[in-house]
Amino acid sequence: MDAVIKKQLKIQACKARMGIIEGVYNAKSGHPGGALSCVDIVTYLYFAHMNINPEKPDDENRDRFVLSKGHAAPALYSVLALRGFFPVDLLKTLRKSDSILQGHPNTHIPGVDMCTGSLGQGISAACGMALGAKLGKKNFRVYTVLGDGEIEEGQVWEAAMYAAAKGLDNLVAVVDNNNLQIDGTLAEVNSPYPIAEKFAAFGWNVIEICAHSFDEIDAAFNAAKDFKGKPTLILAKSVKGKGVSYMEDQVDWHGKAPNEEQYNQAQAELKAALAELEA
Amino acid sequence: MADVIKTATRDAYGKALVELGATNDKIVVLDADLAAATKTGMFKKAYPERFIDSGIAESNMMGVAAGLASVGYTVFASTFAMFASGRAFEQVRNSIAYPNLNVKVCATHAGISVGEDGASHQCCEDMGLMRTIPGMTIINPADAVEARAAVIAAADYKGPVYMRFGRLAVPCVFDDSYEFKWGKAVTLCEGKDITICASGLMVNEAVEARKILAADGIDAEIVNVHTVKPLDTETICRSAAKTGCVVTAEEHNIIGGLGSAVCEAICESGTLVPVCRVGVEDKFGKSGPAVELLHIFGLDAANIAAKAKQAVAMKK
Chain A
0 MDAVIKKQLK IQACKARMGI IEGVYNAKSG HPGGALSCVD IVTYLYFAHM
50 NINPEKPDDE NRDRFVLSKG HAAPALYSVL ALRGFFPVDL LKTLRKSDSI
100 LQGHPNTHIP GVDMCTGSLG QGISAACGMA LGAKLGKKNF RVYTVLGDGE
150 IEEGQVWEAA MYAAAKGLDN LVAVVDNNNL QIDGTLAEVN SPYPIAEKFA
200 AFGWNVIEIC AHSFDEIDAA FNAAKDFKGK PTLILAKSVK GKGVSYMEDQ
250 VDWHGKAPNE EQYNQAQAEL KAALAELEA
Chain B
0 MADVIKTATR DAYGKALVEL GATNDKIVVL DADLAAATKT GMFKKAYPER
50 FIDSGIAESN MMGVAAGLAS VGYTVFASTF AMFASGRAFE QVRNSIAYPN
100 LNVKVCATHA GISVGEDGAS HQCCEDMGLM RTIPGMTIIN PADAVEARAA
150 VIAAADYKGP VYMRFGRLAV PCVFDDSYEF KWGKAVTLCE GKDITICASG
200 LMVNEAVEAR KILAADGIDA EIVNVHTVKP LDTETICRSA AKTGCVVTAE
250 EHNIIGGLGS AVCEAICESG TLVPVCRVGV EDKFGKSGPA VELLHIFGLD
300 AANIAAKAKQ AVAMKK
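Read top to bottom, the protein sequences are chains A and B. So the first sequence is numbered by numbering that gives the first Met the number 0: it starts at 0 and just counts up by one. So the second sequence is numbered by numbering that gives the first Met the number 0: it starts at 0 and just counts up by one.
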C-alpha cells in the first residue's frame, strides 16, 4: 500500500485509540480492550476503503458498516468523529444520559448504519443490507466486524449459512480474533476454533491477516472486492487492548474503564506514538 | 340455508401480499420454510424475485428483514407466531423495533386453533410478548376481509408492525364495504348492558354470544379491537362507561394480551367497571381438531355469554 496513505492511517488509528480511552475514561465504563483490537480495521474502512461521505451520511448508495460486536462502539465513534460525521469533542460524552453516544451503536448517531450490541445480530442485518443491494441492482458493499467470542452465538452460523447460500459476495465479515472473551480465553470458555475452517466449510472465501498491519488489511479488503460468488470472511488475528501497554492481551480490560493514573499513562503512550508517527 | 363461507386470515394475508406486489416494487417477502402454510407462497409464485426463503432460521430472518428495511424495502417477514414472537423475540426487539425499521412481522398459526400440532406450536403468548416492545403496533384481524385491509394499510405505515393470522377458516364478520381505520376499534353493534371487547376469531364468537345474551334480556355492545397496540382506549372506555361492565375475548393467554390491555385502560380511565376475561386461562394447549379445542378451552360464544353474565352481575 502507498506509504503516505499508510502513514496517515496509522496517525488516524492512533488518534482513534486516544478517542477510545477518552470516552471510556470519562464514562467510567465501557469496553476498551475489544475496541482497541479492531480499531485499525475500522479506521482503514472509513478512511481508505468504503464509499462514504460524512456530508451525506444517509446517501442510499453508500457502503454500509455494521459493528456486530457492538460493545466496541468507542472504536466506531472515534473513527466516525475523526472522519467528520460529528465533532470529536462529543467522544467525552460517551454513555452519558444527555449524549447521543449510546453505550452500544444506535442509528440516531450520524454514520451509524445499524443498532447493535446484542451479539450475533449485526451480521444478519448486514446480510439483509447486502441482499438489498443485490435486489436493487446497486453497487454498494456491506462490511461487518464480529468478535471472536461473538461467533459462539448460534445466529452467526445461521447468517453464515445464509450469506453463502444467497451468494452475497458484496458482504465482508471480519472476525476480530483477539482470543479473549469476558470469562477468559476462547479455549477456556467455549472454543469456536478452528474459525477459518468453519467459515470455509460454510461456503465463505476466507482470508487470514494480522489485524494491525495496514498492508495486510488493504490487501485482504481489495481481494474481497474482487472475489465473486461467495461472501468473504477476514479472520484478523489481533491483540486485545492493542496500543496501550498494560491493556494488551489482558482479559481484565474487556469491560473496564481506566482510573486517572491509568488514563494518563495510556494517553501519554499514545501521544508519544503519535509524535513519532508525525515526526 | 346456504353454508357460511369460511376463510382463514392467513389466506387473506397471502392474497393481500400479491395485491401489494403488483403496485409496490419495494415490497419484499421473507419466510422461514413455511411458505405453503403461511400463504406467502402466493407471493412467491407471483413475484419470485422478491420472495426470499430464509430457511429454518427465524432469528437470522428477522435480522435480514431489518437490514433490508434499512436500505429502503418494506419487508414482510413470516413464520408461525410461536417462532416470530418467541424464538425471534430478541431479534424483533433489538434489530427491528429499536431502530424503528419498516418490517411487518406477519405471524400465522397463532393461538389454540393451530389444532392437531399441539402445544409446542400453539402460541398464546405472542401479543403479550410483542406488547411490551416500545413502538410495536399489534394487529389481530377478525376475519379475511379485515386481514386483507390491515395488510394493505400496514404497507403504507412506516415502522414495525406485528400482525397475527390464524390457520383455521372462520366466517366473515365484514363484507367488502368494510373500511379499516388504522388504530381505531370498530363498534360492531351497539348495546346498553355490557361491552364485549373481542379480537381475532373471537369477534365472530362475540356476535353469536350477543344473540345468546339477548335471549336473556342482556343487550351487548360489541367492540372489535383489531389493533391491540396502540389500544383505542377512547372507544373502549367510552363504551365501558356507557354499559357499566366489560368482557374481553381473545384467542390468547388472558395474561398479557387484549384482556390485560383493556383492564389497564379501564383502571386508568377512572371509570371503574368490572371486567371479565375470556381467553386461554394460563395453560398450554394440546392436540385436537381446532374447533373442538376452541370449545375445550372456553374460546366460544357460550363462554363469552357466561362471563358476560358474571360481569353484569358484578355491576353495582
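One thing to keep in mind: the hints can contain errors.
[What the hints assert, rightly or not] To be clear about the criterion: a stretch of chain B counts as covered by chain A if any three or more of its residues have a C-beta under 8 Å from a C-beta of chain A, and this derived list gives those stretches:
#1 36-42
#2 50-58
#3 62-68
#4 87-93
[Claimed, not checked] Cut-off 20 Å, straight-line C-alpha distance, at most; resulting in silico cross-link-like pairs (EDC-like, lysine to aspartate or glutamate):
#5 A/Lys-136 with B/Glu-48
#6 A/Lys-136 with B/Asp-192
#7 A/Lys-6 with A/Glu-215
The hints are simulated quantities; they were obtained by calculation from the structure and are not laboratory data. Please read all numbers here as calculations on a predicted model, not as lab measurements. Note that the Cβ used here is the ideal one computed from N, Cα and C, for glycine as well.
Cross-check of the supplied hints:
no. : hint                     : result
1   : 36-42                    : violated (count 0)
2   : 50-58                    : holds (count 5)
3   : 62-68                    : holds (count 7)
4   : 87-93                    : holds (count 3)
5   : A/Lys-136 with B/Glu-48  : 12 Å, holds
6   : A/Lys-136 with B/Asp-192 : 60 Å, violated
7   : A/Lys-6 with A/Glu-215   : 14 Å, holds
Violated hints for the displayed structure, listed by number in ascending order: 1, 6.
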